[in-house]
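Chain by chain, the residues run as shown.
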Amino acid sequence: MTLKSAIAGLLLTGLLAVAGWRGAEAVVFNPSTITLANGLQVVVIENHRAPVVTHMIWYKVGAADEVPGKTGIAHFHEHLMFKGTKTVPPGGFSEMVARLGGNENAFTTQDYTAFYQSVAVEHLDEMMRLEADRMQNLVLTDDVVLPERQVILEERRQRVDNDPGSQLSEMMRAALFLNHPYRMPTIGWQQEMEGLTTADAIAWHQKWYAPNNAIVVISGDVTMDQVRPLAEKYYGAIPAQPVPPRVRPDEPAQFAPRRVTMQDPRVELASWTRQYEAPSYHRGAKEHAYALEVLSEILGGGTSSRLYRSLLVDQKVATGAGSNYDGDNVDLSVFSLYASAQPGGGAAAVDAIEKAVDAEIAKLLNDGVTDDEVVRAKAILRAEAVKARDSLAGPARIVGTALATGNSVADVEAWPDRIGAVTVADVNAAAKAVFNINYSVTGILLPPSGG
Amino acid sequence: MRSSLLMLRRATFIVAVLALTTVASAARAMDVQDLTSPGGIHAWLVEDHSMPLIAVAIGFHGASSLDPKGKEGLAEMVSGLLDEGAGDLDSRTFQQRLNDLAIDFGFDAGIDDFTGSMRTLSDRRDQAFDLLRLSLTAPRFDTEPVERVRGQLLARLADESSDPSSIADRVWWHTTFAEHPYGRQTSGTQTGLKAITPEDLRGFVSRRFARDNLIVGVVGDITAADLKPLLDRTFGGLPASATPADVGEAAPASPGAIIVVDQHVPQSLVLFGQNGVKRHDADFYAVFLMNHILGGGGFSSRLTQEVREKRGLAYSIDTDVVALDHVGLVQGMVGTKNASVAEAMSLIKQEWKRMRDSGPTEQELADAKLYITGSYALRFSNTTSIARSLVGVQLDDFPPDYFNKRNGYINAVTLDDVKRVAKQLLDPDKLTFVIVGQPEGVTATQPTPEGLF
Numbered sequence: 010m011t012l013k014s015a016i017a018g019l020l021l022t023g024l025l026a027v028a029g030w031r032g033a034e035a036v037v038f039n040p041s042t043i044t045l046a047n048g049l050q051v052v053v054i055e056n057h058r059a060p061v062v063t064h065m066i067w068y069k070v071g072a073a074d075e076v077p078g079k080t081g082i083a084h085f086h087e088h089l090m091f092k093g094t095k096t097v098p099p100g101g102f103s104e105m106v107a108r109l110g111g112n113e114n115a116f117t118t119q120d121y122t123a124f125y126q127s128v129a130v131e132h133l134d135e136m137m138r139l140e141a142d143r144m145q146n147l148v149l150t151d152d153v154v155l156p157e158r159q160v161i162l163e164e165r166r167q168r169v170d171n172d173p174g175s176q177l178s179e180m181m182r183a184a185l186f187l188n189h190p191y192r193m194p195t196i197g198w199q200q201e202m203e204g205l206t207t208a209d210a211i212a213w214h215q216k217w218y219a220p221n222n223a224i225v226v227i228s229g230d231v232t233m234d235q236v237r238p239l240a241e242k243y244y245g246a247i248p249a250q251p252v253p254p255r256v257r258p259d260e261p262a263q264f265a266p267r268r269v270t271m272q273d274p275r276v277e278l279a280s281w282t283r284q285y286e287a288p289s290y291h292r293g294a295k296e297h298a299y300a301l302e303v304l305s306e307i308l309g310g311g312t313s314s315r316l317y318r319s320l321l322v323d324q325k326v327a328t329g330a331g332s333n334y335d336g337d338n339v340d341l342s343v344f345s346l347y348a349s350a351q352p353g354g355g356a357a358a359v360d361a362i363e364k365a366v367d368a369e370i371a372k373l374l375n376d377g378v379t380d381d382e383v384v385r386a387k388a389i390l391r392a393e394a395v396k397a398r399d400s401l402a403g404p405a406r407i408v409g410t411a412l413a414t415g416n417s418v419a420d421v422e423a424w425p426d427r428i429g430a431v432t433v434a435d436v437n438a439a440a441k442a443v444f445n446i447n448y449s450v451t452g453i454l455l456p457p458s459g460g
Numbered sequence: 105m106r107s108s109l110l111m112l113r114r115a116t117f118i119v120a121v122l123a124l125t126t127v128a129s130a131a132r133a134m135d136v137q138d139l140t141s142p143g144g145i146h147a148w149l150v151e152d153h154s155m156p157l158i159a160v161a162i163g164f165h166g167a168s169s170l171d172p173k174g175k176e177g178l179a180e181m182v183s184g185l186l187d188e189g190a191g192d193l194d195s196r197t198f199q200q201r202l203n204d205l206a207i208d209f210g211f212d213a214g215i216d217d218f219t220g221s222m223r224t225l226s227d228r229r230d231q232a233f234d235l236l237r238l239s240l241t242a243p244r245f246d247t248e249p250v251e252r253v254r255g256q257l258l259a260r261l262a263d264e265s266s267d268p269s270s271i272a273d274r275v276w277w278h279t280t281f282a283e284h285p286y287g288r289q290t291s292g293t294q295t296g297l298k299a300i301t302p303e304d305l306r307g308f309v310s311r312r313f314a315r316d317n318l319i320v321g322v323v324g325d326i327t328a329a330d331l332k333p334l335l336d337r338t339f340g341g342l343p344a345s346a347t348p349a350d351v352g353e354a355a356p357a358s359p360g361a362i363i364v365v366d367q368h369v370p371q372s373l374v375l376f377g378q379n380g381v382k383r384h385d386a387d388f389y390a391v392f393l394m395n396h397i398l399g400g401g402g403f404s405s406r407l408t409q410e411v412r413e414k415r416g417l418a419y420s421i422d423t424d425v426v427a428l429d430h431v432g433l434v435q436g437m438v439g440t441k442n443a444s445v446a447e448a449m450s451l452i453k454q455e456w457k458r459m460r461d462s463g464p465t466e467q468e469l470a471d472a473k474l475y476i477t478g479s480y481a482l483r484f485s486n487t488t489s490i491a492r493s494l495v496g497v498q499l500d501d502f503p504p505d506y507f508n509k510r511n512g513y514i515n516a517v518t519l520d521d522v523k524r525v526a527k528q529l530l531d532p533d534k535l536t537f538v539i540v541g542q543p544e545g546v547t548a549t550q551p552t553p554e555g556l557f
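Taken in order, these protein sequences are the chains called A and B. Residues in the first sequence are numbered consecutively from 10, following the numbering used here. Residues in the second sequence are numbered consecutively from 105, following the numbering used here.
The set of hints was computed from the structure by calculation and includes no laboratory data. All values reported here derive from a predicted model rather than from experimental measurement. Where is the CB? At the ideal position from N, CA and C, for every residue including glycine. Where hints are given, some of them may not hold.
[As the list claims (entries may be wrong)] Between beta-carbon pairs, the in silico distance windows are:
1. A:Ile43 with B:Gly341: 40 to 48 Å
2. B:Val351 with A:Ile446: 24 to 32 Å
3. A:Arg168 with B:Ala443: 14 to 22 Å
4. B:Asp501 with A:Pro248: 43 to 51 Å
5. A:Asp376 with B:Arg196: 17 to 25 Å
6. A:Pro238 with B:Asp135: 29 to 37 Å
7. A:Asp376 with B:Asp135: 37 to 45 Å
8. A:Ala262 with B:Gln409: 51 to 59 Å
9. A:Asp234 with B:Asp461: 52 to 60 Å
10. B:Asp501 with A:Asp376: 27 to 35 Å
11. B:Ala349 with A:Ala356: 39 to 47 Å
12. A:Arg168 with B:Gln467: 31 to 39 Å
13. B:Gln467 with A:Ala212: 49 to 57 Å
14. A:Thr232 with B:Asp531: 48 to 56 Å
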């Protein structure tokens, strides 16, 4: 079998690659990139460990680009991309990928929509042909659209409405963002999802699905020299078209913290979450973005973090605690802190958690972080960059996310150096910039009273 | 990324499925070196020097199915505490060292097997192996981490007790296996977790963690010559022999039962299943292919076509072959709004019957083989997944050439084989359904068991 012998060769190929490794610094994925005449960007991340590739296409459109009254259309349209073209029957795309031994799926976020297939390298040609075909020739009729609308409603029930924690997250997001479309859920509000039509999906496709609004990222056992002619042949043949600007209004000045409390009979474990509006790499006080990544590691990055040590080990008021921040957004990001209570704990337990977290924030703002903490956090983050290469699809996903949200390949490659350059003063300044309670929402999930 | 204990997998059902994935994926023509160290430690190694990373996976036979009655959750608690202090290092120091060295480190108590994995940058290899040595040979089980992890496990249990899929899982396994240990859950019970003492934890370690029960898989930037002495340093301090343990064969009880757990949710979670085949059954691959066509194969499976694509009744419907040491199962899950539960159940039974009566088509079988054999290389996309597969295949008692032969086993299955096993095995009237939600038009045949958490 071709595949078998090709796989047997992977270790040899691997040996050749070792000479090219230059340590944890400077190079992360070493991608090459070109832009076709129609504006489509193509990125190749070589990884010759196995004769397989991940082929992804990223469209620079997401839920935050929806118009009022049509929440959920970005994600609904993503589902409908599997419903056939002029030459491929409904479901035929997935059947062909499966027959070629490939895995495939798609996902939608606030900022982008992406589709991917992982296959043996000899099938890359076919994946690019199929993907280019559905960019150009998608056919949508009520016969396929209406049953799929039931599917996304079931998806909403499964992901959100069956889970009080997810329902609370939706309420918190709507409270945190006052003016920006990030306040709307990617999956959509149920009553608006119910009204989405075939015409809505077709209009969405015509508006956004153009080569000049897309990025193709391929990671695996290929080179740009091999990819370029295929990209020209399939994607290069699609004409560019005008793509409207994204309407992303600014957040206003904010004068009061928000607080959302949800009490539900389905809740057995109380929890507490705080979200602050935060800069991303691209919006707000973006000079703080890298320092915020270091700060999140120090404050809530693991079992040695401040929140974990304080809430779980020293004060024993929580059974889990951490923080989260990610700068990869087109617009503002969110810095979040969370903790879960002891079983049986109610409002008083959550109150104790909140006091403990607020004390940690006050301490951080007063005393700052230590040099030792910053050195350790940076080492962990930079090691993550090395580990990120230990994957087929992961590098394509990281690079695609970066490019689809406004970073460049150079930004991705510079990430370890930029993290490495963060100082104690940077982290302290970032903490002061982001921990403004007026720009936050606090979410509390509680079991029923007396429960 | 290191995940908190709370984020670990939520249910035994998921564990069983993951275990199967390892089995199914352990097929790849790759160069597995079968090593024995000077001190007699056995390991499989796949060298890959393309990145400065080394992944190690380990396994021991015997895990949560050996939890003593009244100490349910013991193996799980051990898995949460091995990196919480060992040797001279207290919990804080041990965790700080893992953190500073950026070592991924974790253990997992399954139903039949206890596994662990470690991934490190190769420049700190010896320190990483030494932490692995300490965690297995000298875990401390100090009071602070024991109580903290106990609290975390109890918190997760509380969370699971209101989660539809966890509830369905617990009720299904309890109903199906009753008094057999498979009727209990890896995540234990409140009573069990509260009763576990440090002595119990040490007892589990001393009974299970032994050289004659140890399985090792190593992948990445290390040579056989370098690995051999490290194997002795890391595992040589384990006792020679584990305590023999056998929980006995299990047989599904209550076939055909329908159990409803009332939960105020808009979407019912339906867990269904019946007996299947074990891993070394001559028909395993035929059953595996049949399941793929019936409900295992993503968008193309019959159940996905009928339930999701044609009728929009669910976002996901899947079935899996679950092959445990002492029983085999075919098990599936679907979430559908309360009003469509009866219709979904009827479609499941209809497809079960259609597969039993007519089997798959030639085309369906050919397509399933193409996917299953063609996609196997994709499962080996990182060092940790390869290392875990090396351990999974050994836990299942296959030789190193399994990786080269697996696709041959799949391709050798004939249409008649699949038709025969479908006829022998599948029985819509034997499907046990557990529904969590407020399903309409469904009548329970058995009372809802109480107090399972």
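Hints versus structure:
1. A hinted range of 40 to 48 Å for the beta carbons of Ile43 of chain A and Gly341 of chain B is inconsistent with their spacing of about 55 Å.
2. Between Val351 of chain B and Ile446 of chain A the CB atoms are about 55 Å apart, so this pair departs from the stated range of 24 to 32 Å.
3. Range check, Arg168 of chain A to Ala443 of chain B: Cβ separation about 19 Å, and the 14 to 22 Å hint holds.
4. Checked against the given bound of 43 to 51 Å, the beta carbons of Asp501 of chain B and Pro248 of chain A, roughly 59 Å apart, lie outside it.
5. The beta-carbon spacing between Asp376 of chain A and Arg196 of chain B, approximately 20 Å, falls within the hinted interval of 17 to 25 Å.
6. Evaluation of the 29 to 37 Å hint for Pro238 of chain A and Asp135 of chain B yields a pass: the beta carbon distance comes to about 33 Å.
7. For the pair Asp376 of chain A and Asp135 of chain B, the supplied restraint of 37 to 45 Å is violated, since their beta-carbon distance comes to about 54 Å.
8. The hinted range of 51 to 59 Å is satisfied by Ala262 of chain A and Gln409 of chain B, whose Cβ atoms lie roughly 53 Å apart.
9. Taken as a hint, the range 52 to 60 Å holds for the pair Asp234 of chain A and Asp461 of chain B, whose Cβ atoms sit roughly 54 Å apart.
10. Between Asp501 of chain B and Asp376 of chain A the C-beta distance comes to about 57 Å, which lies outside the given range of 27 to 35 Å.
11. Taken as a hint, the range 39 to 47 Å holds for the pair Ala349 of chain B and Ala356 of chain A, whose Cβ atoms sit roughly 46 Å apart.
12. Taking 31 to 39 Å as the suggested C-beta distance range, the pair Arg168 of chain A and Gln467 of chain B conforms, at roughly 34 Å.
13. One distance hint, 49 to 57 Å for the beta-carbon pair Gln467 of chain B and Ala212 of chain A, is violated here, with the actual separation near 37 Å.
14. The hinted range of 48 to 56 Å is satisfied by Thr232 of chain A and Asp531 of chain B, whose Cβ atoms lie roughly 53 Å apart.
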